[in-house]
Amino acid sequence: MSDFPGWHGTTIIGVRKGGQVVVAGDGQVSVGQTVMKGTARKVRRLTPGGHEVVAGFAGSTADAFTLLERLEAKLEATPGQLARASVELAKDWRTDKYLQKLEAMLIVTDGTDLFVITGAGDVLEPEHDVTAIGSGGNFALAAARALMDTEADAETIARKAMGIAADICVYTNGNLTVETIKP
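Numbering-wise, UniProt numbering puts 69 at position 69 of the sequence shown, and it's gapless, one number per residue.
I should point out that these hints are in silico values taken from the structure, not numbers from a laboratory.
We put the CB at the ideal spot given by N, CA and C, even for glycine.
It is possible that part of the hints are untrue.
[As the list claims (entries may be wrong)] Computed list of lysine-lysine pairs in DSBU-like fashion (alpha-carbon distance at most 30 Å, straight line):
id : residue 1 : residue 2
1  : Lys160    : Lys182
2  : Lys182    : Lys91
3  : Lys160    : Lys17
4  : Lys37     : Lys160
[Stated by the list, open to error] Per label pair, the in silico range of CB-to-CB distance:
id : residue 1 : residue 2 : range
5  : Arg94     : Asn175    : 31 to 37 Å
6  : Thr66     : Met36     : 15 to 21 Å
7  : Glu127    : Met36     : 30 to 36 Å
Start from the sequences and build out the full structure, keeping to the hints where you can.
Following this line, the structure appears as structure tokens:
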């Protein structure tokens with residue numbers, strides 16, 4: 001089925017500034033050259049064991065939901081330890097033959113830590129308090145990095161960066177889901 005056009009999921013950004021972390025994502029899901037949905041919600045608030053975590057995903061939606069469920073289970077097993085749960089998820093993702101086939105990435109935060117989790121077994125913490133994934137991720141990342149030296153707060157930076165990405169990337173729209181979390 002190699003003629004099937006690729007799914008293009010989204011753009012997700014995470015920004016940490018001024019004691020808060022914001023994760024924002026657009027709402028577009030495209031198949032090939034067709035926009036299938038413009039109002040998808042790809043940033044979610046999780047509360048395993050009473051500890052709040054915000055997660056955003058890019059890639060295949062079904063794969064991302066599988067990963068979110070696994071992350072919630074890891075967080076329930078290690079309450080309040082996002083770093084440990086993220087590493088455990090990444091280890092499973094890299095070694096489990098079923099999980100290896102999943103095509104998605106996650107940005108996760110508990111208001112203190114901010115990570116990107118990949119299927120290659122990576123748990124990455126951004127160097128400049130900004131990270132982005134997905135089709136328009138590089139555009140959003142560049143815009144946010146430029147805005148970090150301004151007086152703008154984390155939410156304003158995330159919104160402006162996503163707006164710039166939506167203006168450049170055909171797989172990103174301006175219909176945003178924004179979640180803010182503080183430590």
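Right, here's what the structure says about each hint:
1. Note on Lys160 and Lys182: the hinted pairing holds, with a Cα-Cα distance of about 20 Å set against a maximum of 30 Å.
2. For the suggested pair Lys182 and Lys91, the alpha carbons sit about 27 Å apart, so the restraint of at most 30 Å is met.
3. Our distance criterion of 30 Å between C-alpha atoms is met by Lys160 and Lys17, whose separation comes to about 15 Å.
4. Distance check on the hinted pair: Lys37 and Lys160 sit about 22 Å apart at the alpha-carbon level, within 30 Å; holds.
5. Taking the beta carbon of each, Arg94 and Asn175 are about 33 Å apart, inside 31 to 37 Å as hinted.
6. Restraint check, Thr66 to Met36: a C-beta distance of roughly 20 Å satisfies the suggested window 15 to 21 Å.
7. At about 35 Å, the beta-carbon gap between Glu127 and Met36 stays in the expected band of 30 to 36 Å.
Of the numbered hints listed earlier, not one is contradicted by the structure.
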